[in-house]
Each structure stands twice: as C-alpha cells, then as structure tokens.
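Start from the sequences and build out the full structure, keeping to the hints where you can.
In the working numbering, the protein residues as written are 2 to 394.
Calculated from the structure, these hints are not laboratory results. Note that this is a predicted model, so its numbers are computed, not measured. C-beta: ideal position from N, C-alpha, C; glycine also. Any given hint might turn out to be false.
Stated by the list, open to error - Okay, the calculated beta carbon distance ranges per label pair:
| # | residue 1 | residue 2 | range |
| --- | --- | --- | --- |
| 1 | T246 | V178 | 31 to 37 Å |
| 2 | Y84 | G55 | 32 to 38 Å |
| 3 | L54 | L19 | 36 to 42 Å |
| 4 | V286 | T44 | 35 to 41 Å |
| 5 | S290 | G332 | 35 to 41 Å |
| 6 | G248 | E46 | 23 to 29 Å |
| 7 | R16 | A354 | 42 to 48 Å |
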Amino acid sequence: MTALRERTSSPLLSRTFLQLSVISVVSGVSMAFALPFGSLFLTSEIKVSPFQLGFFLIVSPLASVVASTIMGRLSDGRVQRRYMLAVGGIAGAVGYGLFAVLRDYWFLLGTSVVFIAITSSLLPQLFAYGRQVSQGPSMVVSVLRTLLSVAWVAGPPVAALLVAKTGWIGLFASTAVLQLGVAVLALTLPVPPAQTEEQAEEEEAAGPARGNMMVVSAAFLFLQGAVALAVSGLPLFVTTELGGTAGDAGLAMGLCAALEIPMMLWFGSLANRMSQHRLVLIGAVIALSYHGLMVFTDSIWQVMAAQLLHATVISLIMGVGITYFQSLDPGRPGHATTMFSNTQIVGGMVAGALLGVSQQLGFRWVYGFSLAMSVLGLALLLAAGRLTAPSRR
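Right under this line is the structure:
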C-alpha cells in the first residue's frame with residue numbers, strides 16, 4: 002500500500018480518492034442489484050419468449066458498446082469527465098426507474114437501448130477519471146476495481162432479498178436511487194489538474210501504441226470471453242457433470258471472488274513496477290492451466306482448488322488489464338478504458354452463444370471452448386508484444 006499512499010499524499014487527491022471510492026462502491030452495488038436478475042425479470046415477470054429474451058440480450062449489449070464508445074470520445078475531448086459520470090448516473094436513475102413501472106417488452110427494450118446503454122459508460126469513465134486525477138499509472142485504478150469486486154460480493158444476495166420482500170419494483174427502484182446517488186457524487190468531483198509539459202511529451206511519445214490497440218482488444222475479447230464462459234458455465238458443469246449441488250457451485254464462485262480481492266491489490270502494485278504487458282501475458286498462460294485442468298477434473302475438491310488459478314487469471318486480465326489498456330493510449334484514457342470495457346461486453350456475448358452450444362454437447366465443453374479462446378488470446382498478446390516492444394513500460 003506504499004504506492005497508494007504516495008499517490009494520495011496531496012490533500013486534493015486524498016479527498017478525490019475517497020469520493021471515487023464511494024462512487025465505485027455505489028455504482029458497483031447498483032449494477033450488482035440489477036444485472037444478475039435481468040433475465041429472470043424478463044422471463045418470470047414479462048413472460049418473454051426464448052426469441053425475445055435472446056434478442057434483448059443481443060441488442061442491449063450492442064447498444065452499450067455504441068453508447069460507451071461515444072461517451073469515451075466525448076470525455077477525451079472538451080467535456081469534463083465528471084459530467085460524463087453524472088450523465089451516466091442520471092441515465093441509470095431514469096432507466097431503472099422505468100424498469101420499476103414498465104411491463105411492456107418493447108418499452109423495456111427501448112429503455113435498455115437508450116438509458117441503460119448510457120449507464121454502461123459509468124465504469125470506463127470512473128477508471129479513466131482515476132487515472133487522470135492521479136496523473137498516470139497508479140494504485141488508484143486497482144483499488145477502485147477491487148472495491149467494485151467487493152460490491153459484487155455483497156450486491157446479489159441483498160438484491161435477492163429485495164426481490165423476495167419488495168418484488169421487482171423494490172429492486173429496480175433501489176437501483177435507480179443508487180444511480181442517482183452516483184450522479185450527485187460525480188458532480189462534487191473536482192476538475193483534474195492540468196497536465197505538465199513533461200507528461201504531455203510522454204503521452205505524445207506513447208502515441209504509436211494506439212495503432213496496436215485493435216490487436217490487444219481482439220486478444221482481450223477472447224480472454225475476457227473465456228472468463229465469462231467459465232464463470233457462467235461453472236454451476237451447470239458442477240451440477241450436471243460432477244454430480245454436485247448448487248451450493249457447491251456457489252461456494253466455488255464465492256471462494257474465487259474472495260481470492261480476487263487481495264490479488265487485485267497485489268497485482269495492481271506490481272503493475273507500477275514491472276511491464277503490464279508481461280503481467281497480462283502471465284494471466285493468459287495461467288488461464289491455459291485453469292481451463293485445461295477443468296476439462297479433465299472429476300471431483301468437486303479439484304474445482305475448489307482450481308479457483309486459486311482462476312482468481313489469479315481474473316485479477317491479471319480484468320484488473321491489471323484496465324491499466325494496461327490505459328498505458329497503450331495514455332492521452333485518451335476515456336477511449337482506452339472504453340475499449341477494455343467493450344471487449345468484456347462483446348466477449349460476454351460470445352460466451353453466451355458458446356454456453357448454448359455446450360448445452361447440446363455437454364457442459365464439460367464449456368472449458369474446452371474457454372481453453373481455445375485463451376489460446377487465441379495468448380497468441381494475439383504475443384503478436385501485440387512484438388509490435389509494442391519499443392513502447393512498453
């Protein structure tokens with residue numbers, strides 16, 4: 002934590018870091034309330050058909066990619082990033098407020114495509130602001146990402162209780178209030194200090210790495226897709242292939258989430274002292290080990306033990322990965338962080354399709370597909386390393 006103290010030594014950054022931490026937790030809890038229960042809401046309350054559900058789950062993420070990209074470009078221009086955060090929070094408050102009262106499929110789809118899509122820009126803008134206010138790579142972004150993980154540990158159980166006690170109206174109304182709180186908190190953030198001439202020159206020198214962003218983005222699409230597929234397929238694999246219970250799957254996922262928290266802080270500290278590219282490469286190699294092991298596992302205890310590997314992968318790919326993207330395009334943190342976020346969204350869509358295929362072939366194929374995606378991601382990262390060697394940190 003020494004690196005964090007050094008970065009928060011000024012009164013301005015200390016106060017701002019506290020504000021950003023609160024925003025990270027509140028926005029994380031709000032998303033942990035709504036996102037895991039979206040499909041259940043549509044199927045149980047709206048009574049959608051399988052086709053309608055699939056259409057909703059394809060169109061909404063695509064709209065989020067478009068909205069996040071536009072917001073990222075605006076925030077790297079003349080629009081202050083705190084206003085982008087406020088807009089994301091207000092859009093979330095309106096969107097989830099409408100989800101609390103609307104029960105028509107097409108109106109809900111329109112709400113998701115317009116308002117919820119804009120809300121998806123919150124996290125990229127939060128991490129971009131964290132980098133901007135700390136004026137370069139630091140532990141700030143890693144801590145914010147860790148707090149988000151903490152929020153996701155607590156959020157879903159509380160959300161399930163809300164649904165049981167207050168129904169869908171209570172869940173989405175609570176989410177809307179939290180999103181409104183994010184908007185209010187964002188407006189209290191200070192304007193980040195202006196860049197020094199030295200920092201501007203460093204960013205200009207790093208400019209050629211932008212041309213390699215697409216290769217890295219393709220790599221992360223596969224790597225984050227593999228993570229999403231492995232996580233979503235774990236309960237099905239444990240219960241159908243290994244004869245375990247839902248409780249076994251929940252314990253494994255909870256263990257992984259708990260291990261992620263200290264690991265993200267540790268790897269975030271390492272990312273300030275060694276090559277971020279090397280760290281994400283290590284994450285990709287460990288991903289091969291995890292998915293390969295899961296293909297051949299035949300008992301619950303092996304799944305539990307393997308979660309140490311998966312927590313390491315998630316911490317490196319989804320934790321250090323944010324800072325890595327920002328280092329590739331330091332002059333445009335909003336665009337860089339949005340690119341990272343978009344790879345997660347699109348990777349999740351690919352994972353959803355492969356999960357459907359695995360249902361037909363057997364859920365052990367979840368990890369076969371994840372292994373193949375990790376191989377592709379590692380190959381692309383190695384190719385990207387050759388292109389960015391002159392500009393690596």
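Structure-based check of each hint:
| no. | hint | verdict |
| --- | --- | --- |
| 1 | T246 with V178: 31 to 37 Å | holds, 35 Å |
| 2 | Y84 with G55: 32 to 38 Å | holds, 35 Å |
| 3 | L54 with L19: 36 to 42 Å | holds, 41 Å |
| 4 | V286 with T44: 35 to 41 Å | holds, 39 Å |
| 5 | S290 with G332: 35 to 41 Å | holds, 36 Å |
| 6 | G248 with E46: 23 to 29 Å | holds, 26 Å |
| 7 | R16 with A354: 42 to 48 Å | holds, 45 Å |
The structure shown violates none of the earlier numbered hints.
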